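Take the sequences, apply the hints, and build the full model.
Just so you know, we're using the numbering used here here: the sequence shown kicks off at 1 and counts up by one.
To be clear, the hints were calculated from the coordinates, so they are not data collected in a lab.
Please read these numbers as outputs of a predicted model, since none were measured by experiment.
By construction, the Cβ of each residue, glycine as well, lies at the ideal position given by its N, Cα and C atoms.
Among the hints, erroneous ones may be present.
[To be verified] Now the in silico label distances, taken between C-beta atoms and shown as ranges:
1. Pro200 - Ala367: 35 to 41 Å
2. Asp156 - Pro200: 40 to 46 Å
3. Glu354 - Gly433: 51 to 57 Å
[Unchecked claim] With a cut-off of at most 25 Å between alpha-carbon atoms, the simulated BS3-like pairs for lysine-lysine come out as follows:
4. Lys430 - Lys385
5. Lys228 - Lys363
6. Lys228 - Lys301
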Amino acid sequence: MNTMMQLGRGDAESQLEQTATVGKDIIELLSTAMYVDPLTVYREYIQNSADAIDAARAAGHPAGQVQIALDPAARTIVIRDDGDGLPMQGFAARLTAVGASLKRGTQARGFRGVGRLSGLAYARALTFRSRARGEDIVSTMRWDCQRMRAALKDPDDHRDLPALVAAVTETHIETEAGPPFFEVRLEGVVRHGDDRLMSPGAVADYLSQVAPLPLNTAFSHREGIVAKLSAELDMAGIEISINGEPPLMRPHVDEILVDGVRPLRLHEISFVEIPSTDGGTAALGWIAHHDYEGAIHPSTKVRGLRVRAGNIQIGDAGVLADAFPEQRFDSWAVGEIHILDPRIVPNGRRDDFERNIHLANLKNHLAPHGREVANRCRTSSRERKRVRDIELEQASAREGLSILRQGSLGAAERDRVALSVELALMRAEKHTGQTELVVDVHQQTRLELDGLREELDMLASDEQAPASPLDRLNPERRAFYEEMFALIYNCSVNRSAAKGLVDRIIAQIA
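Written out as structure tokens, the structure reads:
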């Protein structure tokens, strides 16, 4: 009886066994839903190029260049690197595999095996070409993106993923000697919004922030940053050029012009070293300090404490905003944090990181640096207020001195104006004594205040007071005008306007 029951259970289990089915819709998820910003196409293909170049360099082969060709008229994009390429054997299998990357567990940046699919949503056809080092064969695979999208939309098309991929791809080889390369070609690029995908300027701006490029040679802190970080990081980067233009560099320079406001000047560098949970190094980085006059304009392309893994930026400004006491201070910061701990893993979209204790450790150790930036922001705000207050007191003193210089007031009113100038200078001097940051401004202000005080001493002195334009009037008329002018000044909200009126009256009676 027990034997029969056991046999029955085995038959039932064999009937329940089935093969997992991966449907065609996975392609739509991985090519459309994963990449919202069209420009991320460049990041994904540049990431693959960087991995190929690293592998070639590790093998002792010269490599390091990526050429991008944009043709807006033909609606084509070509991205070509000089890595070691993919050999003919296994070429098709590598490029049709989905989520089966051979890079997982290595030092390579990409490891999920889906990045090459990013171009499927933005072109009518996607072509991969490669020649491996040591081969004289060029292998080519073409994806028919239009046909693929039509199949995805067809409710009657029930093909699984392998069947659909086989139907929309074709592969061929041709004999052609030459150096190794890997090339991605997008044909019939679809227009999206402002068409940044086909704009050389927009692509250059994007890649200058995201790609593994060298620091700008115009950045005076470049050598110091490279020297500090190069022991743990490859800071050489790769050379990327667009349509034959000079190679791109990162956007950091000493002085960045911003329309309508003062330039952003990066004048001091602080270095960051974050320990991992087991005593290693989780991350290295640097923060560039400036005058902290407000949130940095996005047009500078350096706004925010950026984070990079494999020297490729993860997300945009704001990924590390919660490391600051208030998230708004991230938009005041300039700097980069380079992830070294492989347990801090970018998410599938590479716009943030997977949540785990290692990411929490990173942000906890970044918090003191965030507080330092916040303190500098607040100190700068207080300093700017003091400078404004000093300027207002100086303006008030100069206004009073101009009235004394006019010589239109009687002795009592002149003493009152002189006292107001004295009080303004005293308040300004008190503010200069509290200055914390701007030493040059402090010294210049002290000189200006000393000059104003010397002028006050001269104008307030009966012996050195300037001649009055009312001196030629008889005492009664002079007293009348002095009293009238005093009333004008005392009753006027705007003393500059009042002085102008008095000047005109004096011109009439002189």
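Consistency of the hints with the structure:
{"no.": "1", "hint": "Pro200 - Ala367: 35 to 41 Å", "in the structure": "40 Å, holds"}
{"no.": "2", "hint": "Asp156 - Pro200: 40 to 46 Å", "in the structure": "42 Å, holds"}
{"no.": "3", "hint": "Glu354 - Gly433: 51 to 57 Å", "in the structure": "52 Å, holds"}
{"no.": "4", "hint": "Lys430 - Lys385", "in the structure": "13 Å, holds"}
{"no.": "5", "hint": "Lys228 - Lys363", "in the structure": "21 Å, holds"}
{"no.": "6", "hint": "Lys228 - Lys301", "in the structure": "23 Å, holds"}
Violated hints: none; the structure is consistent with every hint.
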